[in-house]
Amino acid sequence: MPKTETETPKMKPRPIVRLAIFLISHSLLVCVVCCTAGVLALLLLPLLAKNTYISENALMPGSASSMISNRDISEANRLASDLSGLNFEPQDAAALESRGILTKYMSDLGAEVSYHKFHHKPNQFHPLHFFSSPDSTSSVDNFSCSAQGVNTVGIIRAPRGDGKEAIVLVTPYKFGKSGTAETLSLSIAYTVFSLLSRVTWLAKDIIWLVADSQYGEYAPVEAWLRDYHTPVFTGLGALNADTCIKIDDLYALEQKPIAQTKISDGFRRAGTMAAALIFKVADRNELLEDTLNIYAEASNGQMPNLDLINIVNYLAVHRQGLRVKVEKVLSLLDSRWLEILGEIFEVLGKVARSLNPGWKFGISAADYVEGSATLASSLYNQALGIPTGPHGAFRDFQVDAITLEISPKVSSHNKARHNEFLLRGGRLVEGVVRSINNLLEKFHQSFFLYMLTSPSKFVSVGVYMIAFALLVAPLPLVAASLYADANQLDLGVKNTKSTTTAPDELDITFRSWKWLYAAKEVFLVHVWGAAVSLLPYFICQIPNCSPTSSSVIWVSLSMLGLLILYLIAGSPSTHVSISQHEEKGEWAILKSVTISAVFIGLLLMSVVNFATAEIGALLLVPMCLMAQPLKLDMKAGKFRSLFRVICNMVLGFVAFPPAAYFVAKTLFEGSDSINMGDFWNWMESLWAWNSATYIYIGMVHLPCWALCLHILLHSC
Amino acid sequence: MELPSRWVFLLFLLLSSAKAFGSEVDKEEFQEELLLKPLPDRKVLAHFHFETRAPPCNSNGLHHHHLFPKSISQMVEKFRVKEMELSFTQGRWNYERWGGFDTMSSNNAKPPGVELWAVFDVPKEQVDASWKNLTHTLSGIFCASINFLESSSMYSAPDWSFRQASGSLRYGMLPREAVCTENLTPWLKLLPCRDKAGISSLMDRPSIYTSLYYSQRLHLTSIASDLEGLNSGIVLEQTLTVVLHPSSQRTGLTHFSQSYLQPSWSLSSIFGRKVNGRCVLAKSSKVYLQLERGLVSQLKKSENYGADYIASEGYDGEANFELSVNPDRVIKEENSRNGISSSLLYEFSVDKYSNSKPFDLGLTWKFPVIWSCQQAPLHASRFLMGSGNERGAIAILLKSTDLNDSSLVANSAMDGCELRVNIFQVVPWYIRVYYHSLQLFVDDQLKAVGAFVEKIHVMPSKDKISPGMMEMVLKLPCGVKSAALTLDFDKGFLHIDEYPPDANQGFDIPSASIGFPDFHTSMLFPSNESERKSPMLSKFQESSPVLLYTEVLLVPLTTPDFSMPYNVITITCTVFALYFGSLLNVLRQRVGEKERLLKSKAAAKTGRLSDLLSRLSAKLRGRSQEPMQSASESSPLINSKLALKVLLMAALAVAWQYYFG
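Chains as they are written, first to last, in numbering that gives the first Met the number 0: chain Y, 0 to 715; chain H, 0 to 660.
Derived by calculation from the structure, the hints in this document are not laboratory data. Among these hints, one or two may not hold up.
In silico DSS-like links for lysine-lysine, alpha-carbon gap of 25 Å or less [to be verified]: (1) Lys398(H) to Lys195(H); (2) Lys398(H) to Lys116(Y); (3) Lys480(H) to Lys116(Y).
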């Protein structure tokens with residue numbers, strides 16, 4: 000673009016306008032700087048992580064000494080031995096019997112016990128049910144007795160409490176076919192429950208939900224929560240009077256051994272839930288010490304209040320001496336480049352500290368690698384939008400919840416060791432319950448938007464937003480600059496006065512409305528994207544379809560759709576431009592509109608699920624910025640354009656969602672067992688969990704990828 | 000001269016006292032009673048009942064009280080209170096385990112927090128004013144924040160569902176009020192002996208405040224003696240109901256037979272104190288031990304099975320338990336209904352005990368006995384539905400308790416009988432209830448509301464003025480299994496200064512009261528002289544409708560970030576600065592002045608800088624035609640001077656940071 004200096008002075012625009020014009024005219028530099036800075040800021044996040052602290056004063060974790068006694072433990076052991084003696088065939092009878100025993104133990108403690116029956120139904124794809132609140136309408140359609148589960152719920156009413164709030168404890172348990180780990184988690188829960196039934200400090204009711212985990216851990220909890228919050232009053236009779244005899248048996252059985260308290264078949268409630276703790280004992284054993292795994296990610300990247308994680312971490316580490324872990328991407332732990340990066344940062348930190356001892360941003364390389372592995376896992380889990388455990392069901396009802404998974408040290412079947420493990424687990428849960436019990440208000444003090452880099456370090460929203468902001472900042476600038484270039488607009492810096500042969504009015508109007516064609520094109524491709532994301536609804540209606548063939552059908556149908564779109568709309572690029580010298584202008588305007596669409600899509604997504612937007616921006620932004628017709632570059636034949644061609648090809652490949660999935664899978668899990676069906680399964684899990692990421696991929700990512708490809712293959 | 004006058008005085012005294020003895024009806028009197036009752040779930044209920052009566056006096060209204068608390072009588076006189084009840088409650092009454100169908104529960108089971116209702120004997124337009132003054136007075140007397148009930152958005156005026164009173168009844172609740180000794184002490188001050196002597200000396204604060212349920216109640220009725228109602232007699236009834244957990248060592252579950260044995264207790268073990276004689280000012284001072292119907296029938300059964308011994312009147316339970324003190328009298332309830340065993344009352348008179356020989360009633364169980372309480376015809380529970388900060392629903396669920404044995408049978412003798420249920424619910428204004436969305440489910444089927452509602456009165460809430468109130472009478476068929484009512488609501492927004500402290504906890508919806516007007520609880524005792532004198536027993540004999548309260552609900556509302564003022568100030572200041580800055584800028588300049596200025600400048604000289612730049616750009620153009628590249632490199636704004644300045648400043652800043660930072 001030739002530029003000419005003029006002799007005549009012109010009015011200086013406002014500084015802010017000048018700044019904008021300056022940035023637009025240097026968009027390439029800004030792009031490079033911003034994108035690099037964005038990636039760098041993302042890599043710097045483990046360095047910028049702050050130590051967690053307990054923000055709410057009322058929690059006071061660990062300020063009271065634990066009250067769990069050996070009697071609680073011995074009773075829990077008795078329950079465990081009673082239950083483990085019942086693993087006989089047939090399972091139904093065993094399940095019935097063990098449920099009866101558990102109920103008897105609970106009601107002996109003075110708890111109100113009730114059963115909650117639910118019908119497990121596999122997740123269905125409802126294209127219009129995204130973002131809708133959990134509803135109950137679909138729960139009373141056809142069901143069969145075979146898919147029925149029974150949760151056991153025990154409620155301790157707080158003495159002198161007003162019953163407005165409740166704390167929920169959940170232990171998944173498979174009645175009749177439980178393993179030792181599940182029985183162990185039940186004994187921990189019973190230890191705590193038996194303590195809580197006689198303490199005087201309780202201000203909130205305690206609900207202990209023994210979730211029938213024969214259909215997974217999430218489904219029973221979700222069913223119970225749905226019935227708790229949105230009960231259905233009609234059709235209950237039908238549900239009770241159906242031919243599921245085994246449940247009726249259950250009540251008949253209950254009346255026998257327990258004469259003191261009746262088991263009510265009604266649904267019992269206990270006020271607004273303040274928090275929920277799901278805890279289970281892992282089957283695997285740790286080599287060194289008892290470890291505690293914390294899972295916190297709920298659907299669509301929602302997290303529980305950081306204070307909840309803080310108190311668990313504080314009590315586990317400082318009171319019970321457990322090793323606390325959060326999930327990590329294991330393959331990142333021994334990646335060489337991360338280590339090198341960590342060492343560089345370490346050196347930089349040391350230099351900074353030698354300059355001023357007050358600057359403490361250096362962390363050791365090992366910490367850095369550990370932190371980034373955790374951060375990556377946190378980012379991935381949030382981006383996926385699939386809850387990492389039953390706690391996800393609580394978050395859907397605005398209840399803070401986390402899953403604690405305790406894995407014991409190699410069990411030597413030592414009685415003392417076993418009791419000590421019970422004591423530790425029990426004290427941890429007791430401490431957390433006591434802290435939450437202290438809480439007068441609901442959790443609101445600490446962060447809700449954060450990512451963990453270790454159990455005691457976090458990156459808050461104010462920090463991790465910077466990386467995303469830097470990544471998307473060049474998008475509008477480039478869009479504006481491309482538009483200006485294509486229209487040969489005067490942006491103040493350049494001057495039109497020199498091209499004195501002013502184009503006629505008609506031309507200008509045509510040119511200024513040219514972007515509408517591009518917009519139409521972009522819109523059509525987005526419609527195609529929406530159609531593609533609705534396709535699985537029809538594909539999964541096909542009976543007996545393996546994941547591989549489903550994904551093949553999906554891909555081919557999508558391609559067919561794109562082809563048809565081209566045929567119907569005519570090749571969008573054939574809109575004859577009025578002036579001949581505008582080969583560049585057309586694709587540039589298309590690119591500019593595409594980039595605007597990406598910008599809007601990413602911003603919207605960052606509000607819904609930040610992590611998805613962040614990962615999406617990492618993939619999309621470089622591709623969008625780089626895209627330029629291959630033909631042009633080929634024609635130029637220079638080294639630079641060749642480099643650009645290669646970059647474009649690589650980015651175009653990586654940004655294709657299935658390709659991105661497989662590349663990530665090979666990188667993190669090794670190249671074996673790559674199967675076309677995996678992608679279908681992955682997408683299926685996304686829509687089954689109502690993840691917004693699915694919408695994002697279908698309606699933002701895929702269309703933008705298609706548009707970029709279109710620009711690359713543009714015939715100019 | 001001195002001696003005679005003294006004699007005269009003495010004589011006068013004698014005469015006056017004789018006069019007082021003569022007119023016994025007009026005397027103020029005080030009676031204290033305590034009822035103890037073992038509960039099915041191993042707890043013990045203790046119900047203190049104090050009654051002070053002030054007779055109507057026919058002088059000019061200036062009372063001189065001997066026993067009656069002056070503050071109360073003044074309050075009654077001033078605000079013309081006809082009837083009033085104030086209760087402070089902590090904990091919840093467990094209707095399932097402690098009974099819901101006796102006088103005790105329907106009179107003394109109260110919702111958590113403070114409940115106050117009052118009927119005034121004033122013209123209708125003055126009722127509100129009287130209520131406001133009354134709340135302030137009570138707030139002062141009882142050290143509680145009852146004065147919050149003054150605001151019109153906190154109280155309501157039920158017409159008929161709560162209590163029959165034509166327009167002069169006001170009703171308010173404070174569910175969040177914490178109850179503690181500071182409320183008990185002024186309450187005790189109203190008693191003539193306080194807690195220094197008599198039965199009230201049992202009220203050891205640590206033991207009664209560790210109870211599972213604590214409800215302190217003050218009920219007063221004024222009996223108008225003349226037409227103007229100026230001179231009225233007042234009956235002040237103070238009750239304290241506590242449910243205590245006898246602190247027996249928990250019997251280990253290892254002994255199965257032991258585990259169901261009821262814990263034995265005595266007054267000293269549950270209260271930590273004994274009664275050292277009566278309050279000398281009390282007319283009577285009695286302790287009762289009540290064995291309720293279910294328990295008595297169980298005891299009888301076990302007797303029959305065991306020793307085949309037909310119990311004699313009264314002491315038929317002796318085989319199962321043992322009392323440490325012999326009762327003075329055993330009162331057997333006269334049961335009007337057939338075939339049901341009646342409850343027993345053991346009466347103990349405290350008169351004969353003294354400091355040297357304190358009264359310490361103990362009950363020791365010998366054999367396990369399991370019984371259950373009588374339940375209200377329907378068990379009521381109320382809960383919130385939905386989630387989120389926008390809307391929700393209140394549901395009241397009524398479930399039948401298997402009460403087909405006693406009372407329903409009697410009623411359902413005739414076919415097509417109906418069970419009437421009174422529902423009275425007050426909802427604060429910020430919970431915007433849509434009363435049109437009332438849905439009724441009877442036996443799990445959606446039914447038309449009109450078919451089951453006999454009478455309904457709805458007062459929608461007015462923002463910040465009055466709460467929403469719903470009174471209704473449901474007519475359910477007798478064999479109803481369950482009935483559910485749902486009401487949708489929107490959550491309102493409050494102004495920032497309307498949020499209470501700890502707003503993030505949520506907001507309370509006070510308890511709803513559910514009444515069963517067809518069912519009355521009353522105990523009939525063989526009528527002889529002494530029962531009439533016991534105020535508590537006569538209270539039991541009064542027929543009162545069954546009433547129960549539902550749970551308090553907690554609604555989380557949207558709360559602003561209360562640290563927000565800081566952010567608001569920052570943003571507002573920024574906006575103002577930008578606005579005024581640009582406005583001033585615009586105002587300061589004349590139209591077209593800048594162009595003229597620039598033009599004149601250009602005429603004077605073409606700047607050295609632009610000259611330089613033009614040469615530079617020309618050079619660049621000559622070398623390369625790549626547009627983007629040149630654009631980025633040939634910026635006119637990057638100039639060496641500026642860069643130098645920036646560098647200098649940066650160096651200064653670094654130096655400053657390094658040396659002084």
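Hint check results:
Between Lys398(H) and Lys195(H), the direct Cα distance comes to roughly 46 Å. Violation of the 25 Å bound is thereby established for this hinted pair. With a CA separation close to 18 Å, the supplied pair Lys398(H) and Lys116(Y) stays within the 25 Å bound. Only pairs whose Cα atoms come within 25 Å are accepted, and Lys480(H) paired with Lys116(Y) is accepted, the gap being roughly 19 Å.
Hint check: a violation occurs at hint 1 only; the rest are consistent with the structure.
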